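Engineer: As you go down the protein sequences, you meet chains A and B in turn.
The opening residue of the first sequence carries number 1 in this note's numbering; numbering runs sequentially from there.
The opening residue of the second sequence carries number 291 in this note's numbering; numbering runs sequentially from there.
Honestly, the hints are just simulated from the structure, not real lab data.
Computed from a prediction, not measured in an experiment: that's the story for all the values here.
Incorrect hints may have been included.
[What the hints assert, rightly or not] Sample of chain A residues facing chain B (criterion: CB under 7 Å; computed from the structure):
1. W67
2. F110
3. D182
4. M230
[To be verified] Below, a list of computed lysine to any residue pairs in the SDA-like style, where the Cα atoms sit at most 20 Å apart:
5. B/K315 with A/S258
6. A/K234 with B/L325
7. A/K234 with B/S406
8. B/K315 with A/F11
9. B/K323 with A/K234
10. B/K323 with A/E257
11. B/K424 with A/Y166
12. A/K234 with B/K408
13. B/K375 with A/R272
14. B/K324 with A/G219
15. B/K323 with A/N194
16. B/K323 with A/R235
17. B/K408 with A/E225
18. B/K323 with A/P271
19. A/K198 with B/L429
20. A/K216 with B/K375
21. A/K207 with A/F11
22. B/K315 with A/G220
23. A/K234 with B/K315
24. A/K234 with B/R319
25. B/K315 with A/R235
26. B/K375 with A/S258
27. B/K323 with A/F11
28. A/K242 with B/S406
29. A/K216 with B/G402
30. A/K234 with B/I423
31. A/K234 with B/P405
32. A/K216 with B/I433
33. A/K242 with B/L429
34. B/K315 with A/K242
35. B/K424 with A/P271
36. A/K242 with B/L427
37. B/K424 with A/P202
38. A/K216 with B/L325
39. A/K198 with B/I433
40. A/K216 with B/V307
Backbone N, C-alpha and C fix where the C-beta goes; we use that ideal spot for every residue, glycine too.
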Amino acid sequence: MSPKSIAVINFKGGVGKTTVTWSLGNIISQGTDLEVLMLDLDPQMSLTEAIGLNENTGHLDDKFGKWYEQSLKHRLTIYDALEVFKKAGQNFKFPVGFDTIYQIDEQLHFIPSVEELYWLDLDGFEGKSVKDFIRQFSGKIANSPNLPKYDLMLFDCSPSFSLLTYSVLSCCDLILIPVNPDYFGSRGLSLVLNSLQKRIEPYPFPKIAVFMNKAKIYGGLLTNEVQFYMREVKRLCAEISKDNNIEVRFLESTIRESVGLKRAINEGELPRELVREFEQLWRECEEYLK
Amino acid sequence: MIKKDILPAGDSETGGVLDEIGELKEILREVSKKLTRIEAQVKRGVISAGSKTSELATVADVAKPANSSAVSVLEVYEELRLQAKNGRELEVRQKLSAMSATDLNLMCCELGMPPSSKNPSRKKMFELIIGRIKQSLMLSRHIDRQTL
Numbered sequence: 001m002s003p004k005s006i007a008v009i010n011f012k013g014g015v016g017k018t019t020v021t022w023s024l025g026n027i028i029s030q031g032t033d034l035e036v037l038m039l040d041l042d043p044q045m046s047l048t049e050a051i052g053l054n055e056n057t058g059h060l061d062d063k064f065g066k067w068y069e070q071s072l073k074h075r076l077t078i079y080d081a082l083e084v085f086k087k088a089g090q091n092f093k094f095p096v097g098f099d100t101i102y103q104i105d106e107q108l109h110f111i112p113s114v115e116e117l118y119w120l121d122l123d124g125f126e127g128k129s130v131k132d133f134i135r136q137f138s139g140k141i142a143n144s145p146n147l148p149k150y151d152l153m154l155f156d157c158s159p160s161f162s163l164l165t166y167s168v169l170s171c172c173d174l175i176l177i178p179v180n181p182d183y184f185g186s187r188g189l190s191l192v193l194n195s196l197q198k199r200i201e202p203y204p205f206p207k208i209a210v211f212m213n214k215a216k217i218y219g220g221l222l223t224n225e226v227q228f229y230m231r232e233v234k235r236l237c238a239e240i241s242k243d244n245n246i247e248v249r250f251l252e253s254t255i256r257e258s259v260g261l262k263r264a265i266n267e268g269e270l271p272r273e274l275v276r277e278f279e280q281l282w283r284e285c286e287e288y289l290k
Numbered sequence: 291m292i293k294k295d296i297l298p299a300g301d302s303e304t305g306g307v308l309d310e311i312g313e314l315k316e317i318l319r320e321v322s323k324k325l326t327r328i329e330a331q332v333k334r335g336v337i338s339a340g341s342k343t344s345e346l347a348t349v350a351d352v353a354k355p356a357n358s359s360a361v362s363v364l365e366v367y368e369e370l371r372l373q374a375k376n377g378r379e380l381e382v383r384q385k386l387s388a389m390s391a392t393d394l395n396l397m398c399c400e401l402g403m404p405p406s407s408k409n410p411s412r413k414k415m416f417e418l419i420i421g422r423i424k425q426s427l428m429l430s431r432h433i434d435r436q437t438l
């Protein structure tokens, strides 16, 4: 059975896509028996940097850094796979193994980003030729005898509409959109949803889930401002669902704004209250994916 | 770093105390949440009740008693939003003009924009509310070049 895939995306930057991907990856791999593969598709490489920083080796040994260097040297990164795919198309052959996939721990594995992803357009890649890349690449991973049978693939997408984003959105099972309680963070949702149907034409059409991230809390309650944007975003989801005949679900899970989260991604464990919130978010996603 | 790393094995008494401190902190957090909830309710009540006795309330304001619960001002906001969506801006302004300063203030608070001064002008509160309505309309706006 092929793994379920979730793309975390918003065309607005800074809404927390990377922290959400990282936190979900950690929560799911630690709290369930699922095998999780995270992929960083953002050339800004925030998730990739975070994995390097977050390694709990107890000393300064840069285990991930050394592995990454080898992966780059032997041309085994996701960018290299994409280059091969561009030339070979349907006859795509690429050796996926633990030279391409990094083992963070037993149940959580990772494919890092590379700087070259910035220059895909300049390097002569075209939408048409890249659209099927993630579908084929995921298929290779799922069918590889040298790799575990992943249950879930989590994609951290870039905030712009890049070729890789196009490829992921055209084949994933769930598009997870974090929005923030402000105008621009909420507006990004509308941009994703509009371009999805008109430009991407995914098949089959993915489920779409939206939730409020970085919600301000006062005395344990959501502030009125957060509630205002939650109502607006919920309404927007309902309108888009109705007008376009697609299913956009506004999730009840809300992730609070927390300095602890920013620290956690660099330094260690998630704060306890955030663990509960991410567990709830995952439960809702899992239920929706069924 | 987890607790068992810090404590020597067998030092269960200290571990127990730490657990109790953790539980107490959880209880205090709950108490804090409840207090905040009560505080918010009291503040709303004060805003609702304050208009008639406010020194700075205009005669016109006094003539327009506060109606107002958080739920009802949000219902009014929703009406205004729909009117604005249908291009009836004049009606929106008329409706806002007919509201008491207290209700306008409460609406601003419920929309997450409490006016910065203690006695905000009606003009300022108008601007805040109109700004929220505008945001709401623009969030779902999408200009399709094909249809132009």
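Engineer: Against this structure, judge whether each hint is valid.
Structural biologist: Each hint, compared with the structure:
1. Interface restraint check for A/W67: the shortest CB-CB distance to chain B comes to about 25 Å, outside 7 Å, so the restraint is violated.
2. Taking 7 Å as the C-beta cut-off, the interface hint given for A/F110 is violated, the closest approach to chain B being about 24 Å.
3. The beta carbon of A/D182 comes no nearer than 9 Å to any beta carbon in chain B, farther than 7 Å, and the hint placing it at the interface is violated.
4. A hinted interface residue such as A/M230 counts as satisfied when its beta carbon comes closer than 7 Å to some beta carbon of chain B; here the least separation is about 10 Å, so the hint is violated.
5. Under the criterion of a C-alpha separation no larger than 20 Å, the hint pairing B/K315 with A/S258 is consistent with the structure, at around 18 Å.
6. Restraint check: the Cα-Cα separation between A/K234 and B/L325 comes to about 29 Å, which exceeds 20 Å; the hinted pair is violated.
7. Restraint check for A/K234 and B/S406: not satisfied, since their Cα atoms lie roughly 28 Å apart, outside the 20 Å limit.
8. Restraint check for B/K315 and A/F11: the C-alpha separation of about 39 Å exceeds 20 Å, so the hint is violated.
9. Between B/K323 and A/K234, the direct Cα distance comes to roughly 25 Å. Violation of the 20 Å bound is thereby established for this hinted pair.
10. For the proposed pair B/K323 and A/E257, the alpha carbon gap of about 16 Å is at most 20 Å, so the pair holds.
11. For the proposed pair B/K424 and A/Y166, the alpha carbon gap of about 31 Å is over 20 Å, so the pair is violated.
12. Simply put, A/K234 and B/K408 have alpha-carbon atoms about 32 Å apart, too far for the 20 Å limit, and the pair is violated.
13. Straight-line distance between C-alpha atoms of B/K375 and A/R272 comes to about 43 Å, which puts the hinted pair past the 20 Å bound.
14. Taking the CA atoms of B/K324 and A/G219, the gap is about 8 Å. The hint holds against a cut of 20 Å.
15. Between the alpha carbons of B/K323 and A/N194 the distance comes to roughly 39 Å, so the proposed pair goes past 20 Å and is violated.
16. Of the supplied pair hints, the one linking B/K323 and A/R235 is violated, its CA atoms being roughly 28 Å apart against a limit of 20 Å.
17. Taken as a hint, the B/K408 and A/E225 pair is honoured in the structure, with Cα atoms around 19 Å apart against an allowance of 20 Å.
18. About 18 Å separates the Cα atoms of B/K323 and A/P271, which keeps this hinted pair within 20 Å; it holds.
19. Note on A/K198 and B/L429: the hinted pairing holds, with a Cα-Cα distance of about 18 Å set against a maximum of 20 Å.
20. Annotation: proposed proximity of A/K216 to B/K375 is violated, straight-line Cα distance about 28 Å (limit 20 Å).
21. The straight-line distance between the Cα atoms of A/K207 and A/F11 is roughly 18 Å, inside the 20 Å bound, and the hint therefore holds.
22. For the hint linking B/K315 to A/G220, the alpha-carbon distance of about 14 Å falls within 20 Å, and the restraint holds.
23. Simply put, A/K234 and B/K315 have alpha-carbon atoms about 34 Å apart, too far for the 20 Å limit, and the pair is violated.
24. Among the hinted pairs, A/K234 with B/R319 is inconsistent with the structure: their alpha-carbon atoms are about 29 Å apart, more than 20 Å.
25. For the given pair, B/K315 sits about 37 Å from A/R235 by alpha-carbon distance, which is inconsistent with the 20 Å threshold.
26. About 35 Å separates the Cα atoms of B/K375 and A/S258, which puts this hinted pair outside 20 Å; it is violated.
27. Of the pairs offered as hints, the one joining B/K323 and A/F11 is violated, with about 34 Å between alpha carbons and a cut-off of 20 Å exceeded.
28. Taken as a hint, the A/K242 and B/S406 pair is broken in the structure, with Cα atoms around 38 Å apart against an allowance of 20 Å.
29. Restraint check for A/K216 and B/G402: satisfied, since their Cα atoms lie roughly 11 Å apart, inside the 20 Å limit.
30. Only pairs whose Cα atoms come within 20 Å are accepted, and A/K234 paired with B/I423 is accepted, the gap being roughly 15 Å.
31. A hinted pair counts as satisfied when its Cα atoms are at most 20 Å apart, and A/K234 with B/P405 does not qualify at roughly 26 Å.
32. Simply put, A/K216 and B/I433 have alpha-carbon atoms about 31 Å apart, too far for the 20 Å limit, and the pair is violated.
33. Of the supplied pair hints, the one linking A/K242 and B/L429 holds, its CA atoms being roughly 16 Å apart against a limit of 20 Å.
34. Our distance criterion of 20 Å between C-alpha atoms is broken by B/K315 and A/K242, whose separation comes to about 46 Å.
35. Taking the CA atoms of B/K424 and A/P271, the gap is near 37 Å; set against the 20 Å cutoff, the hint is violated.
36. With a CA separation close to 17 Å, the supplied pair A/K242 and B/L427 stays within the 20 Å bound.
37. Between B/K424 and A/P202 the alpha-carbon distance is near 32 Å, which puts this suggested pair outside the 20 Å criterion.
38. Between the alpha carbons of A/K216 and B/L325 the distance comes to roughly 18 Å, so the proposed pair stays at or under 20 Å and holds.
39. Proximity of A/K198 to B/I433 is assessed by CA-CA distance (about 13 Å); at most 20 Å being required, the pair is judged to hold.
40. With a C-alpha separation of about 32 Å, the suggested pair A/K216 and B/V307 falls outside the 20 Å cut-off, and the hint is violated.
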